[in-house]
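Protein chains: 2
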Amino acid sequence: MKKKSNTKKYVLGLDLGGTNVRAAIIDTSGKLKSYIHFPTESQNGPEYVIKNIALKSLELIGKSGLSKKQIWRAGIGSPGPMDSKKGIIMGAVNLPGWKRVFLKDTLEKFLGVGVGVDNDANCAAYGERWAGAAKGASNVVGITLGTGVGGGIIIDGRLVRGANYNAGEIGHTSLNPDGRLCKCGAKGCLEMYASASAIAESAREAIRGGASSIMTEAVRGDIKKITSKTVYEALLQNDKTAENVWNEFIKYLGAGIANQINGLNPEAVVVAGGVINAGDRLFTPLREAVRRQTFALTFSAVKIVPAQLGEFAGAIGAAGLVINEGDFYGL
Amino acid sequence: MKKKSNTKKYVLGLDLGGTNVRAAIIDTSGKLKSYIHFPTESQNGPEYVIKNIALKSLELIGKSGLSKKQIWRAGIGSPGPMDSKKGIIMGAVNLPGWKRVFLKDTLEKFLGVGVGVDNDANCAAYGERWAGAAKGASNVVGITLGTGVGGGIIIDGRLVRGANYNAGEIGHTSLNPDGRLCKCGAKGCLEMYASASAIAESAREAIRGGASSIMTEAVRGDIKKITSKTVYEALLQNDKTAENVWNEFIKYLGAGIANQINGLNPEAVVVAGGVINAGDRLFTPLREAVRRQTFALTFSAVKIVPAQLGEFAGAIGAAGLVINEGDFYGL
Numbered sequence: 003m004k005k006k007s008n009t010k011k012y013v014l015g016l017d018l019g020g021t022n023v024r025a026a027i028i029d030t031s032g033k034l035k036s037y038i039h040f041p042t043e044s045q046n047g048p049e050y051v052i053k054n055i056a057l058k059s060l061e062l063i064g065k066s067g068l069s070k071k072q073i074w075r076a077g078i079g080s081p082g083p084m085d086s087k088k089g090i091i092m093g094a095v096n097l098p099g100w101k102r103v104f105l106k107d108t109l110e111k112f113l114g115v116g117v118g119v120d121n122d123a124n125c126a127a128y129g130e131r132w133a134g135a136a137k138g139a140s141n142v143v144g145i146t147l148g149t150g151v152g153g154g155i156i157i158d159g160r161l162v163r164g165a166n167y168n169a170g171e172i173g174h175t176s177l178n179p180d181g182r183l184c185k186c187g188a189k190g191c192l193e194m195y196a197s198a199s200a201i202a203e204s205a206r207e208a209i210r211g212g213a214s215s216i217m218t219e220a221v222r223g224d225i226k227k228i229t230s231k232t233v234y235e236a237l238l239q240n241d242k243t244a245e246n247v248w249n250e251f252i253k254y255l256g257a258g259i260a261n262q263i264n265g266l267n268p269e270a271v272v273v274a275g276g277v278i279n280a281g282d283r284l285f286t287p288l289r290e291a292v293r294r295q296t297f298a299l300t301f302s303a304v305k306i307v308p309a310q311l312g313e314f315a316g317a318i319g320a321a322g323l324v325i326n327e328g329d330f331y332g333l
Numbered sequence: 003m004k005k006k007s008n009t010k011k012y013v014l015g016l017d018l019g020g021t022n023v024r025a026a027i028i029d030t031s032g033k034l035k036s037y038i039h040f041p042t043e044s045q046n047g048p049e050y051v052i053k054n055i056a057l058k059s060l061e062l063i064g065k066s067g068l069s070k071k072q073i074w075r076a077g078i079g080s081p082g083p084m085d086s087k088k089g090i091i092m093g094a095v096n097l098p099g100w101k102r103v104f105l106k107d108t109l110e111k112f113l114g115v116g117v118g119v120d121n122d123a124n125c126a127a128y129g130e131r132w133a134g135a136a137k138g139a140s141n142v143v144g145i146t147l148g149t150g151v152g153g154g155i156i157i158d159g160r161l162v163r164g165a166n167y168n169a170g171e172i173g174h175t176s177l178n179p180d181g182r183l184c185k186c187g188a189k190g191c192l193e194m195y196a197s198a199s200a201i202a203e204s205a206r207e208a209i210r211g212g213a214s215s216i217m218t219e220a221v222r223g224d225i226k227k228i229t230s231k232t233v234y235e236a237l238l239q240n241d242k243t244a245e246n247v248w249n250e251f252i253k254y255l256g257a258g259i260a261n262q263i264n265g266l267n268p269e270a271v272v273v274a275g276g277v278i279n280a281g282d283r284l285f286t287p288l289r290e291a292v293r294r295q296t297f298a299l300t301f302s303a304v305k306i307v308p309a310q311l312g313e314f315a316g317a318i319g320a321a322g323l324v325i326n327e328g329d330f331y332g333l
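Read top to bottom, the protein sequences are chains A and B.
Using our numbering, the letters of the first sequence map in sequence onto residues 3 to 333.
Using our numbering, the letters of the second sequence map in sequence onto residues 3 to 333.
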């Protein structure tokens, strides 16, 4: 028994965010053995951040009762754009000062194992496909609703990276070429209608425009404090303004998901982010909105489900990618 | 010399349309050796049509100076929906009475070679990737503008078929969930704004709404006779109404293509259909419309180009698929 567990292979899964880093030890079936999170401290520069990630990871390995040689590889999800083949971060909005950072090479030096780097949203989608809500499906679309709308696409079991590793930007597919101007410069991006921020902003707009709502009391008149949670709570109280905002959100999210379904005919669409806590209040009307915008046969083949892996989806996905697609990263 | 040409392998490429069938003999590099087209005569039923395709194909082989044993395999593009793995046509709008037709098995029986069946629009996209405008690219989106808008997607060199072989319906991705109602039941489909029919219909609407245009004279007052070609010819004469219609068409087509580019980050988007004869009047503003709706890095990686294979794209693509993806069809 002892011998077996000593020789078992583990992988380090990492998720580098603007505020926090998540690190996890994951077995080759995708099961989380142990995990930590700690502040990124990006203000200290890339070299410090990467060294700190390695240090904390080695600590985690020790605390988990493993020896370093039981760690086979490490995968890390990071904001992009990046060259995921070479593991170079080109620059990331949430990591100020990161320009052409050799994340793979530097982390390999400090960790002493082979490293694969990929886009954080792609890792999260891959995680759900490998070990979460879409386990075993060949074709999967992952969508994360947060400040923005992130995405990742898996076709025939492999992550879609594209010509220069920028694939999966589902949040920036447009639902109206004359619509709201997005930070990315395009008009009508899904992100402008279906992110948690967009839900909150739509509620604020409605109230500023004169709509009466219990949301105004909920934030004691300070409209700026409305969040997507405020909207959801008002929805549960049958607040008319909240219902209108929610219905618009569902319509756009449904259309955005339907576009991926009509294009790619996946077995599963996994929706992640705090908003999924709304449960049936989200998924029942969402499935109906998607049904209206898709072919019956295509719709019959897809399940639209909440993510299962929570905040460690990215770390788990990064681990899964270095296990299953090590060839891509030269591992 | 003689011996070499006798042993050279060829493939039969077929494209089954509602009105005509196209048949071509294609070498393993994608070069067209000889070809014919003949009426489908779908009113005579599936058995007759398939037998006739086999007969005409065998004639073509003979006339091309080949023996039947030089034909390695046959690929056929067909309208769907279908089970392309088993080669069964489930039913096709343009082939009345075709319900659960065993196209692969029946054609194999009559031809005596292994057959692969796939969606016609997917075959056309694959043809351009294999031997046409996107030759050698790994990730390609093909869009055909006709009565409708057809599509096909190639990722990492392989055709995307999806969970039940309905992938690639780019014409039915929505650009407005409150937009024009499409025949498919969804709202705001790209097809409703960017098909050749939609261009003509937009012009008719404008003129019926009171817009003055030289198009009215061009069809001698019979507005119904306006086609996308009428619009294009008026555009060349700087007709204001035609310009407005054309600009709207470009905006929607650009946004629809941009959505595929932001999602999939392809090296090439190939646009097919009669409308591409407009040349720079189409492609120059189209590239600009796409640029506005995409990320700079993603846009820099993609070329947006006219199709090169013309009416035999589907037959060539069907041949390419049985050569390169024979495993999928059990060949």
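Keep in mind that the hints were calculated from the coordinates and are not lab data.
A few of these clues could be false.
Note: identical chains are not told apart, hence a pair may lie in one copy or across any two.
[As the list claims (entries may be wrong)] SDA-like, lysine to any residue: derived pairs with alpha carbons at most 20 Å apart:
no.	residue 1	residue 2
1	Lys189	Glu250
2	Lys88	Glu110
3	Lys189	Arg294
4	Lys185	Ser302
5	Lys137	Gly312
Between lysine 189 and arginine 294, at a C-alpha cutoff of 20 Å, which is it: within one copy, between copies, both, or neither? Answer is between: at 8 Å across copies they meet the 20 Å cutoff, but 24 Å inside does not.
Is it within, between, both or neither when you check lysine 137 against glycine 312 at 20 Å Cα-Cα? within (15 Å within a copy, 42 Å between copies)
At most 20 Å between alpha carbons: which applies to lysine 189 and glutamate 250, within, between, both or neither? Classified as both; 17 Å inside a copy, 15 Å across copies.
How would you label the pair lysine 88, glutamate 110 (within, between, both, or neither) given a Cα cut-off of 20 Å? Within one copy only: 12 Å inside, 47 Å across.
Tell me, please, which holds for lysine 185 and serine 302 at an alpha-carbon limit of 20 Å: within, between, both or neither? between (35 Å within a copy, 19 Å between copies)
Going down the numbered hints, you'll see the structure goes against none, and every one checks out.
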